[in-house]
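Peer 1: The lines below spell out each chain.
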Amino acid sequence: MKYRHFLFAFLISLIPISVHSQTNANQVLRGVYLKLQKAKDYSVEANIKVDLPFIRMLPVDAKIYFKQKDKFKVESKSIAIVPRQGFDQSSKMIADTNSFTAVLQGNELISGVQTNIISILPLSDTSDLILGKLWIDPKQSVILKSQLTTKSNGTILTEYTYGNQLAYGLPDKMIFSVDVKKFKIPKSVTADMNNSSADKKEKDKENKKGKIFITLTNYQVNKGIPDSLFKK
Amino acid sequence: MFWKSTYNEFIKIAAKPRSYIGIGAITLIVGIILFAMKADGLSFISFVTQPFEQSLSFEGNILNGNLIAFIILQMLIIHVPLLIALVTGDLVSGEGAMGTIRLLLTKPISRTKILFSKYLAGCAYTLIILLWLGFLALIVGKMLFGSGDLMVLNSDGLVVLQEKDLFWRFVCGFSLAYLSLVMIATLSLTLSCFSENSIGPIVSTMAIIILFTIIGALDLPAMQQIQPYLFTTHMVSWRNFFEDPLPVDKIIHSSMILLLHIVALLGIAVYKFNRKDILS
Amino acid sequence: MSDTEKIVEVKHLVKHYGKFKAVEDVSFDVLRGDVFGFLGPNGAGKSTTIRTILSLIKPTSGDIRMFGRDLLKDRNFILAKIGCIVEKPDFYKYLSAEKNIEIFARLSGVNVSKSKIHEIIEFVGLKGREKDKLGGFSHGMKQRLGIAQTLVHDPELIILDEPTTGLDPQGIIDIRNLILQLKNERNKTVLLSSHILSEIELIANRMVIINKGKTIVQGSVTELLNAQELIVSFTVDNIGKAQQLLEAAEMKEQIEKIENNNFLLHISQEKIPVINKLFCDNGVNVFSIESKRKLEDYFLKLINA
Chain R
15 MKYRHFLFAF LISLIPISVH SQTNANQVLR GVYLKLQKAK DYSVEANIKV
65 DLPFIRMLPV DAKIYFKQKD KFKVESKSIA IVPRQGFDQS SKMIADTNSF
115 TAVLQGNELI SGVQTNIISI LPLSDTSDLI LGKLWIDPKQ SVILKSQLTT
165 KSNGTILTEY TYGNQLAYGL PDKMIFSVDV KKFKIPKSVT ADMNNSSADK
215 KEKDKENKKG KIFITLTNYQ VNKGIPDSLF KK
Chain Z
56 MFWKSTYNEF IKIAAKPRSY IGIGAITLIV GIILFAMKAD GLSFISFVTQ
106 PFEQSLSFEG NILNGNLIAF IILQMLIIHV PLLIALVTGD LVSGEGAMGT
156 IRLLLTKPIS RTKILFSKYL AGCAYTLIIL LWLGFLALIV GKMLFGSGDL
206 MVLNSDGLVV LQEKDLFWRF VCGFSLAYLS LVMIATLSLT LSCFSENSIG
256 PIVSTMAIII LFTIIGALDL PAMQQIQPYL FTTHMVSWRN FFEDPLPVDK
306 IIHSSMILLL HIVALLGIAV YKFNRKDILS
Chain E
17 MSDTEKIVEV KHLVKHYGKF KAVEDVSFDV LRGDVFGFLG PNGAGKSTTI
67 RTILSLIKPT SGDIRMFGRD LLKDRNFILA KIGCIVEKPD FYKYLSAEKN
117 IEIFARLSGV NVSKSKIHEI IEFVGLKGRE KDKLGGFSHG MKQRLGIAQT
167 LVHDPELIIL DEPTTGLDPQ GIIDIRNLIL QLKNERNKTV LLSSHILSEI
217 ELIANRMVII NKGKTIVQGS VTELLNAQEL IVSFTVDNIG KAQQLLEAAE
267 MKEQIEKIEN NNFLLHISQE KIPVINKLFC DNGVNVFSIE SKRKLEDYFL
317 KLINA
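Protein chains in written order, with my numbering: chain R, 15 to 246; chain Z, 56 to 335; chain E, 17 to 321.
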């Protein structure tokens, strides 16, 4: 009898914990969202360095423009390679709280900061997002790491570092990790006749992951950016 | 006397209608390529970037004059040798066919000097063709498509070369392409010394290029022994200037192979031309 | 310079193509001031010999000296003093007459001015056609231009290989007159190869005859031919009476052929007026006296010997 009461009490106590966990996750996400909303628009100078197995290029400079709620543009005299999902995928994702379920999965220490790990599960089958995972500093309400798996872009892991623009939740540095094993070079396009089959086998053994390092400086926040700038 | 003879050869090349076929053909082909790229170049670009586009996005002016110039240079690697051979293959055999060789070789100038003056004039024609190609590709290309970084797709991936780093690469690339074309001119001139008509050396030159290209593409152990020594293997070595890091050893090696071919073929041409009895 | 100076000395020239012997043993000399006839039937080796002299063909063996120098050692020195046409003169069809002469003159070893070129073109009778492209030139005009090309650098020796081939009678006369002009007015030495024997007979002073790659005979045309009898054709009104008169004059054996009122006699040149007088004094009217091409006969005799 005592055993049954204890079990019932235990089970009842779990309900508020799970509800609390979800409520906590939403609260954390809300905090991040509100912080990000502080920047109505911004422009920033970016230095993009690519470290991908099949791509060789020097670091390039670009300028990035953003305006609420989802206007985004990269301007570069050089050819710049950026992650397809853009820099604002995370903030776009957490904007619409009705489209997903957020669950607090636990904690992890990242560079001495205790973060909440929040999983994002889309409610709709037609959503491009399959699964999202965010490591959030609850005290500063900023994302330190994200892992987003989408139907269109695969899985991209992003690490964020903050500096002068912490108040707006805008990072100084972003590192994108990309899975490159799906890259296949169309041979008919190249006229490279000198590569022997031995060379090709050597290259097949190379690392299948790559990174894109983006350093952001000279933020100009809330200075006003016209909509016409974002038109192609 | 050598320079007078060379001047004569320039006059003859400039006066021959066939010399303008090359210039006209290049203008037409490049014009078609420029038009096609203007109309649908972005599709071509997306075909190249498509393997990466699931995860990556390419920003900037990819379809620019530098890329167009690179594409044109690649596409014309088969056409331009024929246009060169059309003129240089006729330099000696054409004189025989016309009968002017009888007068030419009774002048007080050695046969070796006559041959080298023809060769020099042929090399000058080759240079003019290449410069015209370069002008159309680079200058006209940039006027139509603007400038920007060059994105090159090799069999081991994508190389993006910054615009400020391109001028010397194009100069060096064109220089090595010129060496390749001089090799073709030398081959056709040498074959011209063995023939009494114009068509033979031209067709033979193209046949050799096609045959060696096929041998170079075969992935058989027996062929792999000789592939490094075929001049066709090294005719595309100008592309190495658009690699990063620059494969200096490969470039030097290719240049040496081409130069060796040129020297050997010239030696054969001089020997044959000097010993040839003029019976026609 | 001495007229007996040897401009061309060919000694025991041999040219083989594998087993085929194009020239077996040809020797001759051309003296300064000669119009030298180079004769032989088709395939005798004339063209091969001329091309060898001009360094178009390498000899198998033999010695060729010109202007006192060895051809193999001093080729450029020698060729600078020669103007030549080998077979038909071919030019660059896509260039004008003037440009063609300029091209070859530039390689002649001397500086030739534009005015000199125009003068030469006028000399050969092509004035007004300087700017015309060769594609529109007749064979005769090309031949004239060929002569112009040989003269433009004022050479000492002119070598002409079959210069009248393909020309009409007027063209042949023009070339003949031109050659005589070159010898008489411009003191040129001319080496002339031809199979038109009458032309050689009319203009050459010395000659060589070759057959099957070998020299048959060489020397002065007059001396060689005067050593031979003439064949003279008489056309008379009374052939029977003419025959009787010849029998009486003990010349019956010299009658070669009788046809209608025409007969051929083998006699020396001095006998022609004697026989003419004999006929006239005895009532035989002479309608024509014609000396047959003696060189032709001489030539055929040698070739068939």
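Any given hint might turn out to be false.
[To be verified] Cross-link-like lysine-lysine pairs, in silico, DSS-like; alpha carbons within 30 Å at most:
id	chain 1	residue 1	chain 2	residue 2
1	E	LYS228	Z	LYS327
2	Z	LYS331	E	LYS130
3	Z	LYS59	E	LYS257
4	Z	LYS71	E	LYS104
5	Z	LYS219	E	LYS158
[Said to hold, decoys possible] To list a few chain Z residues with every Cβ distance to chain E over 12 Å, as calculated:
id	residue
6	GLU114
7	ILE156
8	LEU334
[Said to hold, decoys possible] Restraint-style ranges between C-beta atoms, simulated for each label pair:
id	chain 1	residue 1	chain 2	residue 2	range
9	R	LYS245	Z	PHE222	40 to 50 Å
10	Z	GLY201	R	LEU243	31 to 41 Å
11	R	ASP241	Z	GLY201	18 to 28 Å
12	E	GLU201	Z	GLY79	45 to 55 Å
13	R	ILE144	Z	PHE102	54 to 64 Å
14	E	GLU135	Z	LYS93	19 to 29 Å
15	Z	ILE254	E	LYS74	21 to 31 Å
16	Z	TYR326	E	ASP90	14 to 24 Å
17	Z	GLY201	R	LEU72	15 to 25 Å
18	Z	ASP332	E	HIS211	47 to 57 Å
Please keep in mind that the hints were generated in silico from the structure rather than gathered at the bench.
Just so you know, these numbers come straight off a predicted model, no measurement behind them.
For every residue, glycine included, the Cβ atom is placed at its ideal position computed from N, Cα and C.
Peer 1: In ascending order, which of the hints set out earlier in this document are inconsistent with the structure?
Peer 2: 2, 3, 5, 7, 8, 9, 10, 13, 14 and 18
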